[in-house]
Amino acid sequence: MGLDELLGSHRQELRRGTVVLACLLALRETGYGYGLLKTLESAGIPSDANTIYPLLRRLEERGLLTSEWNTDESRPRKFYRTSATGSALAAQLIIDMDDLSASLHALNGGTTR
Amino acid sequence: MISLTERYLAAALRSIPDAQRADVDRELRSSIADAVEDRVAAGEERASAEKAVLEGLGEPTRLASGYTGRPLYVIGPDVFLVYRHILATLVGVIVPIVAVVLTTVALAGGAGYLDGLMAGIGGAFSTGVHLAFWVTLTFVFLERAEVARGARTEMVAATGRWTVDRLPSRPAGRISVGETVGEVLTTLLSIGGLLFLRDTAWFTDAAAARIAVLDPALSVFWVPALITVLMALAGLRIVVYLVGRWTMPLAVSHAALQVAIAAPLVALALGGSLIDPRFAAQLGRPELARGDGPVMLILARA
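One line per chain: the protein sequences are U and Y, in this order. For the first sequence, the working numbering gives the first residue as 4, with consecutive numbering after it. For the second sequence, the working numbering gives the first residue as 61, with consecutive numbering after it.
Check the hints yourself; a few may be wrong.
[Said to hold, decoys possible] Below 20 Å or equal to it, Euclidean Cα-Cα: the simulated SDA-like pairs (lysine to any residue) are:
1. U:K81 - U:E63
2. U:K81 - U:S106
3. U:K81 - Y:S90
4. U:K81 - U:A25
5. Y:K111 - U:A94
6. U:K81 - Y:E104
7. U:K81 - U:S50
8. U:K41 - Y:E115
9. U:K81 - U:G66
10. U:K41 - U:R19
11. U:K81 - Y:A93
12. U:K81 - Y:L69
13. U:K81 - Y:H314
14. U:K81 - U:L107
15. Y:K111 - Y:V100
16. U:K41 - Y:E104
17. U:K41 - Y:G118
18. Y:K111 - Y:Y68
19. U:K41 - Y:A79
20. Y:K111 - Y:R99
21. U:K81 - Y:G103
22. U:K41 - U:A29
23. U:K81 - Y:K111
24. U:K41 - Y:V160
25. U:K81 - U:N53
26. Y:K111 - Y:T121
27. U:K41 - Y:V100
28. U:K41 - U:A52
29. U:K41 - Y:P77
30. Y:K111 - U:R65
31. U:K81 - Y:L317
32. U:K81 - U:I98
33. U:K41 - U:V22
34. U:K81 - Y:A79
Just so you know, these hints were derived from the structure itself, not from any lab.
Assemble the whole structure, with the sequences as input and the hints as a guide.
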């Protein structure tokens, strides 16, 4: 396995743990499936459609997102929004993320890069 | 012609429960349309855009399993170790018992020793296949059935927490000296026993010939052959000690030598040529020397 391949698989591993957080943060502003994909992509967190679409449903089932169909436009879309519980969870997770990042940097000898 | 999207949706939605299907259908449809429109707006042709979007979503059943949470494996990591343990235990205990019982029954029913052995091996094989099938099926059910979720959780809780108490009491390390000495001594005792049965005279007949337990005809070939094999077995035990552990070739050789001892004894016993008929006659139990005599049958079964 070459370095590129290794990097790719480890990056994927890192991202897998943050995709829920990214969705919860992004959906504090109402959004729909494909729109969320685009939002994440332009935020520098590219994700697969086949990961995000089922994930939205699971997060909704757990009460972290709320959803609503919007049929006003020509194409009906299901809009999601992060719930109060979801926001609280995201707030805690992003603190954890920062702590983790700080710890890793400390391990790296105090440099930020 | 049915569009690719329709075909994709049909394939993906098939395994989604009724309660969610319509909603997932509608949402996926709009997501796919959004993505296709986006590509078309960027100048791509509609047909190739649709193809690219669907391929980006990947295998429909895989996408569906994301929605249903149904696993894409037969037996998952939660129950795999328990599954393996139970399967190994059942197969390890039941299959040999079946082999022995079937062989015994066949031999007692008057089958030749080869037929008896084949009956045992055949039965053991099909028992093993059955066991593997049913145990696996049970665990597949345990893994995926919604009703089995409680049982699964309980099992994982009961077997899941690992403590040091579960460590094997003795590391599977080097073969000990004591073990080796014991095995070699047992083998040498067997050789001694064989010679004792061949040479020690229990009775003397009218012609003053000495009568031992074993048929004298065996002295020419079988007794030396058996002694040679027993010596080889003792030698093998020493090799195992020197190597430090059982390797596959050593284990296979060991099994072959065991068979080389047991098979002739069983064959001779059933052929009625193991025990000197004169010995049996002197003992007043002539049936002891016959191939279908009680001793022979017991020996053959062992």
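Task: Pair hint U:K41 and Y:G118, alpha-carbon separation not exceeding 20 Å - done: With a Cα-Cα distance of about 18 Å, the restraint between U:K41 and Y:G118 holds, given a limit of 20 Å.
Task: Holds or violated: U:K41 to Y:A79, with C-alpha atoms at most 20 Å apart - done: violated, 29 Å
- [ ] With a cut-off of 20 Å on the C-alpha distance, tell me whether U:K81 and Y:E104 pass.
- [x] Roughly 26 Å between the alpha carbons, so the hint for U:K81 and Y:E104 is violated.
TODO: Starting from U:K41, check that the Cα of U:A29 is at most 20 Å away, please.
DONE: holds, 11 Å
Open item on the list: Run the distance test for U:K81 versus U:N53: straight-line Cα separation, threshold 20 Å.
Closed with: With Cα atoms ~16 Å apart, U:K81 and U:N53 stay inside 20 Å; holds.
Open item on the list: Just to be careful, I want the Cα atoms of Y:K111 and Y:R99 compared with a cutoff of 20 Å; is the pair within it?
Closed with: This hinted pair holds, its Cα atoms lying about 11 Å apart.
Task: 20 Å Cα cutoff - pair U:K41, U:R19 - done: holds, 18 Å
Open item on the list: Just to be careful, I want the Cα atoms of U:K81 and Y:G103 compared with a cutoff of 20 Å; is the pair within it?
Closed with: It is violated: about 26 Å lies between the C-alpha atoms, which goes past 20 Å.
- [ ] Assess, step by step, whether the Cα of U:K81 is no farther than 20 Å from the Cα of Y:A93, and give holds or violated.
- [x] Judged against 20 Å, a Cα distance of about 13 Å means the pair holds.
Open item on the list: U:K81 and U:S50 were given as a pair; does the straight-line alpha-carbon distance stay at or below 20 Å?
Closed with: holds, 19 Å
Task: Hint consistency between U:K81 and Y:S90 [alpha-carbon to alpha-carbon, up to 20 Å] - done: OK: U:K81 and Y:S90 at ~9 Å, within 20 Å.
Open item on the list: Need the status of pair Y:K111, Y:T121: alpha-carbon distance at most 20 Å?
Closed with: holds, 17 Å
Hint check: violations occur at hints 2, 5, 6, 13, 14, 19, 21, 23, 24, 29, 30, 31 and 32; the rest are consistent with the structure.
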